[in-house]
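Novice: Residues per chain are reported as follows:
Number of protein chains: 2
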Amino acid sequence: MVTEGPKKPYVIGLDLGGTNSVFGIVDSRGEIKATTAIKTQGYSDVKDYVKASVDALEVIIEEVGGIETIQAMGIGAPNGNYYQGTIEFAPNLEWGHNTVVPLAKLFSEALGVPVALTNDANAAAIGEMIYGVARGMKNFIVITLGTGVGSGIVINGQVVYGCDGFAGELGHTIIRRENGRLCGCGRHGCLEAYCSATGVARTARELLQTRKDRSLLREYNPEDITSLEVSIAAGKGDALAKEIYEFTGSLLGEACADFAAFASPEAFIFFGGLTKAGDLIMDPIKRSYDEHVLPIFRGKAKFLVSGLNGASAAVLGASAVGWEI
Amino acid sequence: MVTEGPKKPYVIGLDLGGTNSVFGIVDSRGEIKATTAIKTQGYSDVKDYVKASVDALEVIIEEVGGIETIQAMGIGAPNGNYYQGTIEFAPNLEWGHNTVVPLAKLFSEALGVPVALTNDANAAAIGEMIYGVARGMKNFIVITLGTGVGSGIVINGQVVYGCDGFAGELGHTIIRRENGRLCGCGRHGCLEAYCSATGVARTARELLQTRKDRSLLREYNPEDITSLEVSIAAGKGDALAKEIYEFTGSLLGEACADFAAFASPEAFIFFGGLTKAGDLIMDPIKRSYDEHVLPIFRGKAKFLVSGLNGASAAVLGASAVGWEI
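Protein sequence lines correspond, in order, to chains A and B. Just so you know, this note's numbering puts the end of the first sequence at 976, numbered straight through with nothing missing. Just so you know, this note's numbering puts the end of the second sequence at 976, numbered straight through with nothing missing.
Next up, chain A with everything else stripped away, as it sits in the complex:
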């Protein structure tokens, strides 16, 4: 899409999550000038969702000087298809499961500005490239460690969308082919089944069951353990909790070794809740990578934690998609 005339000063970013939809108006340096939010759920028709969004947006658009100051809007959303501007069969969206929602078009018609949409991990990758630790890089991979494991891949300075807009599902590459854990996708052994927040909690329950060591994690009902409890226990120096991170990082390093053979990126950038564990997770990733990667790639890739961490990261990532239009 060609835009005429000089760039306007702001883009709107929408971080569309299963629970909340957070909007930000962002300038070209990544400063968030105004924010607002609505609940994502509670609308059976997407048109009502868009109307509620625009009502909320109008207030903050006025704050920054009106719609004339808005260059474009970028949306990061689960199951987002960049080519089509659609959200496709998103299981967690009341108005988006079992259907294809042309969300970019709906927002563009309502606001009168160009709108681009992509999935959350690709938005994070573009955010890193424009505002974050990947500034100046042409080849890097962002791996998001949240409820699931997502990825945004940049090659030759461009996000990899593939033939259908759905490339970059590295959470669903197979890391354990024999007796692999069942994944939410219905297959076995996916990286996501081990290295997501839920994967980490599962590792905790498995270790607590098969082992006899003392651990702070034994104070909880196994079913109540989430990655948060593991993180707290590890922070207190609990050996078993540290071992859980060791195992998780080790698998991520193995996986990255294969990704290097594909794309030989300049950096792997980790994003999301699990990265808060810092060296507890990053050290085993690097160690395992060096151990598993093809010798010609050894020591070349950087391992970084997102420069966009914090509450506004996802909004910044989404807004960055708007600058790419």
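Misleading hints may appear alongside valid ones.
Note that identical chains are pooled: a pair holds if it fits in a single copy or bridges any two copies.
Pairs of lysine-lysine residues, derived as DSSO-like cross-links and limited to a Cα-Cα distance of at most 30 angstroms, are as follows [as the list claims (entries may be wrong)]:
(1) K756 x K893
(2) K953 x K789
(3) K951 x K756
(4) K927 x K684
None of these hints come from the bench; they were simulated from the model.
Assemble chain B onto chain A, guided by the hints.
Specialist: Chain B in isolation, oriented as in the chain A frame:
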């Protein structure tokens, strides 16, 4: 590199193999107008190799109308680095092992035309894009099944070289993490250890040892079996030989399922000796892919055999690199 003026009618292609160096002068439609060849070995200094090459080339350059008709030269070579125009530590080259050879520069100085160099699999990918079954495709992966397993990856219409020029080593992604076969790279479980010609021969020897079925392959001394004997036996309907292709194809399909999660290509294109087995290898690849791939990718990618098969394929692929300068 910017070239001035209209394109000249021909490029030189060099398929640089461990044994022979085959040169072709190729027009823009992929027609080979003249060819020549020299032995790759027998030169301890690369300068002598280049001199012998240029001596041989001068004859065919005159045939097509002199050096003024030559736009550029493209080289496909083992361990070729596109960014640097170098061959780096190529174990099978007398003048190129344990060193970095600036071969593109040497040929460019000797001939007075721009020269680009890449590895054999990337040359095959560019060849498919310009002359072969990938014409018009922007996202595809070429997998070469020869002595090793190589790959050339095209994303958004560009070959993936990565940060160092060595991306696209899919033969060295891990397909068997537990008790994986030792690979030539020193690691275990690489795709190449199973799906190269030598991998196929090894599968044959393993099956003959662990199984008691009758097979035409039992007529050979196990050490003498190569992929050629397997191919001949399968062609005669030998069940064990067919099972070897079934196993090989099945692993390739599993691997492609992971590659789809990375790049969601429009097509996987297979190139090299093993593809001569036709459906014996292609059917299990497709079956295994459909069984293993993430549901959103199922049925999307095409599985094709190279359109450049035949003795001239590698020269055409190399020449295509010349048009890309």
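Novice: A separate judgement is required for each hint: does it hold in the structure or not?
Specialist: Quick rundown of the hints versus the structure:
1. K756 x K893: neither (47 angstroms within a copy, 52 angstroms between copies)
2. K953 x K789: Intra 13 angstroms, inter 29 angstroms, cutoff 30 angstroms: intra and inter.
3. K951 x K756: between (42 angstroms within a copy, 25 angstroms between copies)
4. K927 x K684: within (26 angstroms within a copy, 62 angstroms between copies)
When each numbered hint is compared with the structure, a violation occurs for hint 1 only.
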